[in-house]
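**Student:** Listed in order, the protein sequences are those of chains X and E. Per the working numbering, the first sequence runs over residues 1 to 633. Per the working numbering, the second sequence runs over residues 1001 to 1101.
Misleading hints may appear alongside valid ones.
[To be verified] Looking from chain E toward chain X, a few residues come up when the C-beta cut is under 8 Å (computed):
{"hint": "1", "residue": "V1023"}
{"hint": "2", "residue": "L1024"}
{"hint": "3", "residue": "R1086"}
{"hint": "4", "residue": "V1093"}
{"hint": "5", "residue": "D1094"}
{"hint": "6", "residue": "D1097"}
{"hint": "7", "residue": "L1098"}
{"hint": "8", "residue": "L1099"}
No lab work stands behind these hints: they were computed from the structure. Note that the structure is a prediction, hence the values are computed from the model and not measured. Quick reminder that beta carbons are idealized off the backbone N, C-alpha and C, glycines included.
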Amino acid sequence: MLIPVLAVLVPTLPLAGWALNGLWGGRFTRRTVAIVACGAVAAAFAAAALLLWQIRLAPPPGRAPAGGPSWIVDLYSWIGAGSIQVPLRLLVDPLSVAMALVVGGVGLLIHVYSVGYMDGDPGCARYFAYLNLFMASMFWLVLAGNLAAMFIGWEGVGLCSYLLIAFWFTRPAAAAAGVKAFLVTRLGDVGFLLGIFVAFGVFGTTDFGVMTRDAGARLALGGGAATALALLLFAGAAGKSAQLPLYVWLPDAMEGPTPVSALIHAATMVTAGVYMIVRLHAVFLRAPAAMDLIAAVGAVTAIFAAAAALVEPDLKRVLAYSTISQLGYMFLAVGVGAFSAGIFHLTSHAFFKALLFLAAGAVMHALGGETDMRRMGGLARRLPRTTAAFAIGALALAGIPPLSGFFSKDLILSEAFRAQAWLWAVGVAAAGLTAVYILRAFALTFLGADLRGAEGTAHDPPPSMAAPMWILAGLTVAGGGLGWSFTHPGILERFLLTGLRAGAGPPARAGGAGEGTLVAASVLVAVAGIVVGWLVYVRRSLRGGVPALAGLLSHRFYIEEAYAVGVIGPVRALARVAAVADRTVTDAAVMGLARALGRSGQALRGLETGYLRHYAAFVLVGVLLILAYWVSR
Amino acid sequence: MTVPAPYHLALSAVLFTLGMVGVLVRRSALVVFMSIEVMLNAVNLAFVTFARLRGVVDGQLLVFFVLVVAAVEVVIGLAIIVDVFRAMETVDVDDVDLLRG
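Looking at chain E on its own, in the form it has when it is part of the complex:
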């Protein structure tokens, strides 16, 4: 049996919200990063759901793009985090506030 689409979408929304809250409240850069990945995959889930719902492959196609971008982003993001750690000996995003006005 198949699970109906609204469940998929609800899961997607829950995952997205969890990721968003993680980005907003967690202090460790790595966790913030993982939260972003959760958000991305929540969106992927929504894409796939809608693609199935409407019987077209556009959404699934876009998921591949999102995956590729996410992989690239992981590389760059981790590199930045490593660099920040080298420079400041911390990965706490609240300590990295050089742009404070």
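The following block holds chain X by itself, in its conformation from the complex:
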């Protein structure tokens, strides 16, 4: 069978690329480095595509508990301790293959884009090595067959995120942002790890197939174990996917190179949390309270981050807040049980947000690294093609039909409406804000007066950077077709459905007038948002505002400040106490012991006279003492 071989090749090929470029990249020419890195990812993507072809073609060897086709590839018995057996296991099913295709496709495009973007950077080989390692970890994450194996990929992508955020480590801001990302996501990972332990306790294994099969039998609906397990796993997802209140690392992560922001911090890694919840949907469905919390956190994050994006002056950070907001939508979707809608939005978001980031990268490339929108403006004349690409991404983000973002966001909103009306209301409000902030970003960057005067030599990017943008733009336009459906499940949904049933509300769409009204409402809100944005930021006919709200927004509701007071302050104080204790207790004990030994050595050195006769006399005295002992006994 081809499937096990292909499944192993997908994560291994980028790993090989990492090894090649990591070990010998310094001696390769730039061209070789780029060919190795892109070739490895292209081959992995091809393997994933073949995998899709194979699982569509071949009859499944056994039917998974959830009813979908799935193949299990055991590589190695990783942990064997009595009743706990943890194999390194890959799971090939429609969900993992769909994710691998999204990761591989977007990853390949961004690798190609990076060749142009990182041209001239002295750390080029290191960059591509990290990027390949990231791809290997991400593939491993989506293909892993149990939670323990997934955790390897989970931490691997976290490591690569850290390495790539802090890629320009000589810049203090970049180094600090890398550390921040690492530490904040680690907070969530503690929850994730505890969740894995709970899963071991409940199921005796963390195998996804077994967990899906036994969830109904082992977890009481709404019971303590189910809720605890779901909440702990969600903590990990919230950290990785930058949800409230653990989102603070993502805006700072924009210190990394822009293709990294596009790949890791928009398209793939940050969606790992969503993927994990979808993967374990059977478990989450046993904990309705946790699901409600996930949906609520998603909705609040969506509107909060959209509001924060409204006042952000930095182009990349606007996109970062936008990513947080869109991830909120995905959590809203999975929270109301619309798992395939979540994956659909994950996919379309990967396309249009990567496109937006790559366009932003093209802007930065043209302007020598400038990201502050207050120093941009009027770039539409200088960068017409980049402007067009950004506009397509922006329209998709705003949810204008017939772009992909419209379909996926609308699907989520209608599912939310079915679940709880207030979630829908928040989602629609956030959609309106989304339209406003992305129009603001577009207007400040590309429209208006050319602030850079005649100095600019700004021009559209070279073909190696432009081509991935155009492909992504095509996917953004056409991606809606993956899930376009008002009365019946879309292609993606039908593909995923087989693996995703397990008690989720069957997505037999109601259709009819109610659905039409919802769609009309969300389109109306998006258009209204664009109009408002136009009036405020382009025509400038709406002026003024609420200073208090602006202050609140520009400080992002003082969440960073709350962290500074509530977390960083106490930790620093604890660190200071620990430092004093280290000096006065630990160091004092160690140094005291060393000093005592030194003193006794000083005292004893008097015995070592160097005179042979003294040594001989010592021997004599010793012999006499032994003799005396024997005689006296």
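Following the hints, position chain E against chain X.
**Tutor:** Relative to the frame of chain X, chain E by itself:
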């Protein structure tokens, strides 16, 4: 007539003590060396005496070993003394105090 065993043992003890005092008080490495030989032979005498006394040959056997070891020791010891003399131009054991703490 034979001399009784206690005389042999007394002689052995006297020789041993003389050798020991020589090792402890003399400064010339060669004399120290000769004193060690005296001690070894004092022990040999004690061995032979006890062997005769108890009518077994173990002691006499051991004497051969001691003789062989002593011969070997002479070779090595003299070599060391020669080397020390080459390096330090002295065979006075009190001048050779590199190990002083």
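**Student:** If a hint holds in the structure, say so; if it doesn't, say that too.
**Tutor:** Right, here's what the structure says about each hint:
no. : hint  : in the structure
1   : V1023 : holds (5 Å)
2   : L1024 : holds (5 Å)
3   : R1086 : violated (18 Å)
4   : V1093 : holds (4 Å)
5   : D1094 : holds (6 Å)
6   : D1097 : holds (3 Å)
7   : L1098 : holds (6 Å)
8   : L1099 : holds (5 Å)
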